[in-house]
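J.: Sequence:
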Amino acid sequence: MITVEHLTKRYGPSVAVDDVSFTVEPGHVTGFLGPNGAGKSTTMRMICGLTPATSGSARVLGKPFTALPNPGRRVGVLLDAAAQHSGRTGREVLTLAALMTGVDRRRIDTTLDLVGLTERESARRVGQYSLGMRQRLGIASALLGDPEVLILDEPANGLDPAGIRWMRDLLDDFASRGGTVLLSSHLLREIEAVADRLVVIGRGRVVAQGHKDDLLRQAGTFVRSTDDVALALALRQGGAGVEELSTGGLSVEAEPIDVGRAAAAAGVVLAELRAADSRGLEDLFLELTADDAREQSRMEVPA
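Residue 1 is where the sequence shown starts when you use full-length UniProt numbering, and the numbers rise one by one after that.
Derived from the structure by calculation, the hints contain no laboratory data. Hints may contain errors.
[What the hints assert, rightly or not] Computed beta-carbon distance windows for the label pairs:
1. Arg88 / Glu287: 41 to 47 Å
2. Gly260 / Pro161: 32 to 38 Å
3. Ser86 / Pro52: 48 to 54 Å
4. Asp172 / Glu243: 20 to 26 Å
5. Leu245 / Met1: 23 to 29 Å
6. Leu286 / Pro64: 31 to 37 Å
7. Asp160 / Leu270: 35 to 41 Å
8. Thr110 / Gly260: 58 to 64 Å
9. Leu216 / Asp172: 15 to 21 Å
10. Ser86 / Glu244: 56 to 62 Å
11. Gly210 / Glu243: 52 to 58 Å
12. Ala264 / Met1: 44 to 50 Å
[To be verified] In silico EDC-like links for lysine to aspartate or glutamate, alpha-carbon gap of 20 Å or less:
13. Lys212 / Asp173
14. Lys212 / Asp172
15. Lys212 / Asp80
16. Lys212 / Glu287
17. Lys63 / Glu25
18. Lys212 / Asp283
From the three backbone atoms N, C-alpha and C, an ideal C-beta is built for every residue, glycine too.
Generate coordinates for the entire structure from the input sequences, incorporating the hints supplied.
T.: This is the structure we're talking about:
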C-alpha cells in the first residue's frame, strides 16, 4: 500500500502541495485527479523520493521509497515517458534496467510482449518512437521487475483507443491479483472506467477522496407532483434546498423519505419520487475544481 500523511511542499512563499493525506490500498486502482498545477506530479515525485517534502511523509510498502531495498523490483514507476535516452533502443533501455535491478534478462522478452512492442520496434532507437510507443516502453520499464505497486503519471498520453483499452485491461488484471495502483490521468473517462477509488486534488489540497461510486452518487432527491409550487414552498419552509427544474419536477437537498413526509403534510400527491441520479466523473471533477478554474481564468486576464 501507499500511505501519504500530511505531505507538504513549499517553494519559497508558494505552496505546491498543502497537507495532503490519502492511502492507496492493494487490490485497487486509485485515480489521482486534479487540474494542471494542482500538485499531482509534485505529490507523486515526493512519494517516489525524487522531490524532498517540506513536511509530512510518504511510505510505499511500509517504508519511504528510498529506504526500500532495490525498489525497482517492488515498485514500478512511470512519471515521464519522455525521460528515456533517445539514442538507445527500446531493448537496450530494458536491458540496462534489468542489469541495475538484478532482473533475469529473460523477463525482457516477456515484458516487451506484454506491452505490445514487437522485436522490430524494440530494436529501434527511442528517438524514433512515437509518443504512444514511448508510453508502452515506459510501462514496460515499470513492469520489468514484476512489482507489487505501480505509480503511473499520465500513462495513456499518446495511446490510441486500442492502446487505452489495453492499458485498462492491464491495470484491471494487475489490481485483481492484489497489486496496488496509483494512476494520474487527464482522461477522465478512462479513470472512470478503470479506477474504483479516487483522490481529487485542487490547489495543492485534497478536495475529495473515497470509493468512486460513493463520490459519484449525488445526495438529494428528484420529485414530481401534482403541485410542484406548493411542494417547493413546503420543502423550503422545512429548511430543504429546492431547485425547480426546467424539464419539470424538483431537485431537493433532502432524503426521499423526508420529501415524501413534506408532501403528505402539505396534501400534495406525488407522481415520482427517487434518489438523484449518479453524476459522471467529469461533472464531479468540474464541481470540485471550480476554484482552480476561476483562479486560472483570473491569472490569464491581462492586467
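J.: Range first: 58 to 64 Å. Now tell me if the beta carbons of Thr110 and Gly260 are that far apart.
T.: holds (59 Å)
J.: Verify the CB-CB distance for Gly260 and Pro161 against the hinted window 32 to 38 Å.
T.: violated (45 Å)
J.: Between Gly210 and Glu243, does the beta-carbon spacing fit 52 to 58 Å?
T.: Given range 52 to 58 Å: violated, Cβ gap about 25 Å.
J.: For the pair supplied as a hint, Lys212 and Asp283, is the alpha-carbon distance within the 20 Å limit?
T.: holds (13 Å)
J.: Between Asp172 and Glu243, is the Cβ distance one that fits in 20 to 26 Å?
T.: Because 38 Å falls outside the window, the suggested range is violated.
J.: Does the Cβ-Cβ separation between Leu216 and Asp172 fall within 15 to 21 Å?
T.: Distance hint for Leu216, Asp172 holds at roughly 19 Å.
J.: Cβ-Cβ distance between Ala264 and Met1: within 44 to 50 Å?
T.: Since the Cβ atoms of Ala264 and Met1 sit about 49 Å apart, the hinted range of 44 to 50 Å holds.
J.: With 41 to 47 Å as the target window, see if Arg88 and Glu287 comply at their CB atoms.
T.: Roughly 45 Å apart at Cβ, these two residues keep to the hinted range, so it holds.
J.: Decide if the proposed pair is consistent with the structure: Lys212 and Asp80, CA atoms, cutoff 20 Å inclusive.
T.: violated (26 Å)
J.: At the C-beta level, are Leu245 and Met1 separated by a distance inside 23 to 29 Å?
T.: violated (43 Å)
J.: Between the alpha carbons of Lys63 and Glu25, is the straight-line distance 20 Å or under?
T.: Distance ~15 Å between Lys63 and Glu25 Cα, so the pair holds.
J.: Okay, Asp160 versus Leu270 on CB: inside 35 to 41 Å?
T.: 49 Å Cβ-Cβ, so the 35 to 41 Å window is violated.
Checked against the numbered hints given earlier, the structure breaks hints 2, 3, 4, 5, 7, 11 and 15 and satisfies all the rest.
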